[in-house]
Amino acid sequence: MDFVNAITLLLNYIFVPALAYGSQLALGAIFVTLVYGILRFANFATGDMMSFGTMFVILFTFYFQSVGISFGVLPTALLAIPFAIIFMVGYMLIIDKFVFKYYRTKKSPPVQLAMVSIGVMFVTQAVVRIIIGPSDRRFFDGEKFLIKAGEFKEMTGLNEGLAIKSTQVITIIVTLILVSTLFWFLNKTKTGKSMRAYSDNEDLALLSGIDPKKIVMTTWIIAGILATIGGALYGLDKSFKPFTYFNNMLPIFAAAIVGGIGNPFGAFLGGYVIAFSEILLTYAYRKFFMYVLPESMEPDGLIQLLSTDYKFAVSFSILVIVLLYRPSGIFKGKVL
Amino acid sequence: MRKNLNVIAAYSIMMGLIILVGIFQSWNIALSIFNLCLISAVMTMGANIQWGYAGLINFGIMGFTALGGLAAVLISVDPVQEAWSAGGPNILFSLFLIIAMVLAVRYILKNYKKSKNRTYIVAAIIILGIVIIRFISEPGIEAIENVEPAKTGFLGGLGLPIIFSWVVGAFFAGGLAFVIGKVALGLRADYLAIATLLISEIVIAIIKHEDWLTRGVKNVIGLKRPAPYEVNLQQTDWFINLVEKFNSSKLNIITDLTERQKALNQLVIEGSSVFVKLCYSGLFLVVVIILLILTQKALYSPWGRMMRAIRDNEEAANAMGKNVVKQHLLIFVLGSAIVGIAGAMLVTQDGLFTPGSYRPLRYTFLIWVMVIVGGSGNNFGAILGGFVVWFLWIEAAPIGLYLVNLTTAGLDDTHFLKVHLIESVPYFRFLMMGIGLLVIMRYRPKGILPEKIEIK
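Protein chains in written order, with the working numbering: chain A, 1 to 336; chain B, 1001 to 1456.
If you're looking for bench data, these hints aren't it; they were derived computationally from the structure.
Quick caveat: nothing in here was measured; it's all calculated off a predicted structure.
Check before you lean on any hint, since a few could be wrong.
What the hints assert, rightly or not - Which stretches of chain A does chain B cover? Using the computed rule of at least three CB atoms under 8 angstroms from a CB of chain B, they are: (1) 3 to 15; (2) 120 to 133; (3) 162 to 168; (4) 242 to 253.
To be verified - DSSO-like cross-link-like pairs, simulated, lysine-lysine; straight-line CA separation at most 27 angstroms: (5) A:K241 / B:K1418; (6) B:K1182 / A:K311; (7) A:K311 / B:K1250; (8) B:K1418 / A:K107; (9) A:K238 / A:K97; (10) A:K106 / B:K1452; (11) A:K97 / A:K311; (12) B:K1262 / B:K1250; (13) A:K241 / B:K1452.
C-beta: ideal position from N, C-alpha, C; glycine also.
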């Protein structure tokens, strides 16, 4: 029984939260990786683009709530996402047309494009803060828990409860659907294949008659979808604050590079690698050992490898180690 | 003279703007803008050495600034004796262990061939070392943090004049840059950017949470000053006389003696804070001028030529027998050290160290905007960038407010759009920075004062 309790404990505090957080990171990381692989620059505006998309989700959610539309037990935000995506994609295409296109056609070095993306970051951040303000916003409605800790205890008779928030389940399901569609698109359709070819070898792709304009447009559309959904899921699970989104850019970058930049599947797994290592290394295992070990060997301390303050530092250290020993990432991406 | 006309014109306009602020807002504001402009100028010079001379991207400026600030704390704060006696030995022993660990790893890496076993042994040493160090340092840290946590709760510093920290800050930042450089300089440009950005976040995390060393988010306040205190100035005779002399025409109009004394007191209070700021300006100006002379000399020296050659064509420079890796490391350390000086200067002028205030937007990306806008590769350009961007950063809110009032003049004062826009005036600075950066990158990619190299 103690053993089951210990497992439930780990499920409740490590596995489920890490899976949800990892999914949110994974979506962002695929966004970074696609932009890097096809448009060939490190996009420092990632976090702010995600907050821009989320802002539209929030605005539509508020609108729907004010006219009385709801999605039953599910959050209204899920209804708002498709509308937000339309605006987000429009924004991405406008930015590309007025900012990035010039440097792309000039074949500027990637560093210059990265600098330009910093300009975009500043502008996007300003627009988000001017429209919706810098404060914390919660836009979740509907049923909060799928399984409550108390119910779970009653059901199973265990000491440890397992609470599963509905946002966690929604996050994981939506991520799985989105990512599998994306992989299907990249691997089976003609446009997807030509995108991969373009990412792999630009000259050869152009030679075989692939239209670069179409590729770039598709990339921005996919990027817009990923950014909006990723941002909205994070906002639903935690809360929306422009500053947090800007900071999330860092673990997202870490995930993309750990997985091997330019490789969408690597980015997907990289998100989970980062999320799990962050939570595994900063969790206090005291209770776990209390269940598993006999009473005489019970630990005194918290048995915490690192204090939670270093959560972000964990992912960055992993990144540094990966960069040192395997610069192309766990799953071979472009060699840096 | 004519060649430098645009430089002189640009700087005159900048100074004119600051003087205008002095006349229309107040001299206090003008001087605080000017001081921060000088500090920003030092930071941009550091970033400019790395990017403009050598083409290295360093997005870790925030980390080096914070290390400089930490140096200011560790140099100037008086040592906390009780904390030292409570946990000092443990901390010193841990430090010794860390050094031993690093040496052991180095020894193994140097003397054994690359193999799987070597990697495992190195990993084992590091993991074992960290566990042992944690066991030893933990009671020490706890003891230190329990020494009057509301007032001290940390080891304190050396109790030296804070000016020394400007040099020590440079060494701290340079040391960190050496380690980072060894690790990360082999990466391609945009990866170096990401890696340094993330490493600087780690540095901030450590500074924020290692309370025994830095007091963490509890902040260190009331640092010593290199300049006199306002309160003391207000009571010294020569200062009061000086203020009286400066304002004699104004004071002579007032005939009533008590009224006159009141006016004089007011002037002395204002004058004292202006005077303190002027002291800082003088100190900062000396640093900026020394650095400017040094960097200009370096730029036109054979070494500067070599750096440009490496920047423009690494392979060719390598083929000519220049050690690219070594030079990159050198310039990375030098540039970061300059940023460290700026970090110490910043804490010196504020008189407080707040680890929570180090954010990448303000201390990394804004500095980069300054470098790009000013003109990379040109020291005068970099300094000008620091001035222009900081000036706009501060004055963006008033300008934004003016623009909002202008564009919504037709609307009622309580109209929701107008109220909302006026509330969000502080964020117009982001918009201004972003648009400024994009416009400069597009239409004047070399900055306001572009790089101009003439062989003398």
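Results for each hint:
no.	hint	in the structure
1	3 to 15	violated (count 0)
2	120 to 133	holds (count 11)
3	162 to 168	violated (count 0)
4	242 to 253	holds (count 3)
5	A:K241 / B:K1418	holds (23 angstroms)
6	B:K1182 / A:K311	holds (25 angstroms)
7	A:K311 / B:K1250	violated (60 angstroms)
8	B:K1418 / A:K107	violated (43 angstroms)
9	A:K238 / A:K97	violated (33 angstroms)
10	A:K106 / B:K1452	holds (23 angstroms)
11	A:K97 / A:K311	violated (38 angstroms)
12	B:K1262 / B:K1250	holds (13 angstroms)
13	A:K241 / B:K1452	violated (44 angstroms)
Going through the hint list in order, the structure does not satisfy hints 1, 3, 7, 8, 9, 11, 13.
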